[in-house]
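Taken in order, these protein sequences are the chains called A and B.
Heads up, the first sequence is in this note's numbering, so the first residue is 1049 and it goes up one at a time.
Heads up, the second sequence is in this note's numbering, so the first residue is 70 and it goes up one at a time.
Note that these hints are calculated values from the structure, not bench results.
Don't take every hint at face value.
[Said to hold, decoys possible] What the simulated footprint calls covered on chain B by chain A, stretch by stretch (three residues with Cβ under 8 Å from a Cβ of chain A suffice, anywhere in the stretch; the number is not a length):
1) 97-103
2) 308-318
3) 332-338
[As the list claims (entries may be wrong)] A few chain B residues that don't get close to chain A, going by computed Cβ distances all over 12 Å:
4) N71
5) R110
6) S138
7) H139
8) A142
9) A163
10) A222
11) D227
12) L251
13) S257
14) A280
15) T285
16) V288
17) V291
18) A295
[Stated by the list, open to error] Residues on chain B that point at chain A, a partial pick, calculated with CB under 8 Å:
19) V93
20) L136
21) V328
We put the beta carbon where it would ideally sit given N, CA and C, even for glycine.
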Amino acid sequence: VRAHVARVALLALASLPVATVAAGAVTRHAPFLPVCASAAWTHHVALVIEHGNGAVIRLCIGFDSVSISGEDVLRASGLEFATANFGSLGDAVCQIDSEPSTYPPSCFSSSSPYWVLFVSRGGSGWGAADHGVSNEQFSDGDAQGFRYDPQSGSPSPPVSAAGTCPVTAATNAPAPSSTGAVHTPTAHPSTTQPSSATPPAVAGGTATASAQAAVVSPASTETPPDRPVHSVASALPASGAVNAGLIVAIAAAVALLGLLAVQLIRSRRPA
Amino acid sequence: MNARALAVWSASALTITLSTDNPVYRGLVVIAGLNVLVALRRPGTRLRPTLLALCVAALSATALTLLLSHTGAHALVTLPGSIPIVGGGITLEALVFGATTGLGIAAAVVAAAPLSLALEGHQLVDALPRALSRTGAAIATAVNLIPAVSRSAHEIRDAQRMRGWRAAHVSDWPEIAVPIVLTAMESSVSLAEAMEARGYGVGRRTHFRSARWQMTDVVTAVLAVAAASTFVALRITGLSGAWYPFPSLTVPPLDPLPVVCCVALIAPALLRPHAALGGF
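From just these sequences and the hints, can you work out the full model?
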């Protein structure tokens, strides 16, 4: 009876709810001036990325093919990003521009902030995406938006994409910008290429026709093709500075293990 | 030790374990819990079976995560993609995350184990709130039938063998199943009559010895609740943030206060250091 009652008690205790979510405030930034007013590409897609702290990155991505996938738009931007595959739904974006710094293997949890994908067709307002970023196709005049949502309430879209790309033709210089003074992307699209340029390196996959039409040269930190994820995070573990917490943790572990050893030795002695 | 005080300690240890992804904090809960187990276990209770099962569960979680999660920047080895499910990169990050998951399982088991290894079954039933006492007794009695049925099955099978019977096909199993069901029903009726003869359900349950709260029990419960509350508060306010090894392995953040909360769980072992005697 004892063992089985203990199992029942274990199940009851294991169901204790533990709330561990902290939601952050998000501030909005106003739209800003067009960034690629003289782009030379046939078609353009606006890319708007709104970070959790409200910093906004706007990019105008040019391409010459009929359409371009959302993942190629991100890749062409030169920004660091990581994805996780969700089967037929396509890839979900786990990380953009190193936000968040870490994430669970499932990409996001049921309570943590996450990147929400929005699409805008032909200059209309933002709408929820029907597929993952790899399966979304964008044509000239469309826009792709990401907002790092705290997952409290229904997700609100990022700031408007209006003005990010020129209405008529243009430049050969897709320029990244950030309206938030506090934000600096880790990688910038810095050079331009003609439409026949070599496609950017595609991490973990094969370059598609859309990717070949991407206008931005690969960032110098792009992930090699054999990496299991698209992340370009540092290959080195973060430098864990020796802090008070680490010292206290080591001391506590040593003390607890020592006490455990003493107890075990005592318990082996005959009474 | 008072069963309710130990239940409070177990709940607090579980709360800390479930509210963090940090392997260091989970590891500290495991070590503190082992100290409590060794100090409070009933005389003669062996810990080896529990620890073996715990190790198997933790290693299984680690292996499963390592094989199934192909996320992470540092590939240790790459299995051919033609292998279903496990094909792909085997990453250092998945290994660390699997070990962290295994530590979480170990910490949860160690947190709840004292309820089984330090207390008698009747102590747990007595510790239930009055509203749940009859339900608890009924559940305990019902669960107790499972090993009784198992014993009965062995006895019936042996008896049938002595008569020269051997089960060759599935169609032969009724030769055992029918006597088992009949025996179980007979045992249930006997148990019900025995409980009724002892006045079960007539009035409040009496106790041969009522459990009283000693000062050590109060201190244990208060410290455990304070530790768990502080830990959860730190988690909610973001002072003890979440940690994941993905996409690239980083050192988990550590703060002194959550460490102190984990260490405070050792209180029952320090307050009752003389209680344990028995084999490992």
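Status of the hints after comparison with the structure:
no.: 1; hint: 97-103; result: holds (count 4)
no.: 2; hint: 308-318; result: holds (count 8)
no.: 3; hint: 332-338; result: holds (count 3)
no.: 4; hint: N71; result: holds (15 Å)
no.: 5; hint: R110; result: violated (9 Å)
no.: 6; hint: S138; result: violated (4 Å)
no.: 7; hint: H139; result: violated (5 Å)
no.: 8; hint: A142; result: violated (6 Å)
no.: 9; hint: A163; result: violated (7 Å)
no.: 10; hint: A222; result: holds (17 Å)
no.: 11; hint: D227; result: holds (24 Å)
no.: 12; hint: L251; result: holds (23 Å)
no.: 13; hint: S257; result: holds (15 Å)
no.: 14; hint: A280; result: holds (15 Å)
no.: 15; hint: T285; result: holds (17 Å)
no.: 16; hint: V288; result: holds (18 Å)
no.: 17; hint: V291; result: holds (18 Å)
no.: 18; hint: A295; result: holds (16 Å)
no.: 19; hint: V93; result: holds (5 Å)
no.: 20; hint: L136; result: violated (12 Å)
no.: 21; hint: V328; result: holds (5 Å)
Checked against the numbered hints above, the structure breaks hints 5, 6, 7, 8, 9 and 20 and satisfies the rest.
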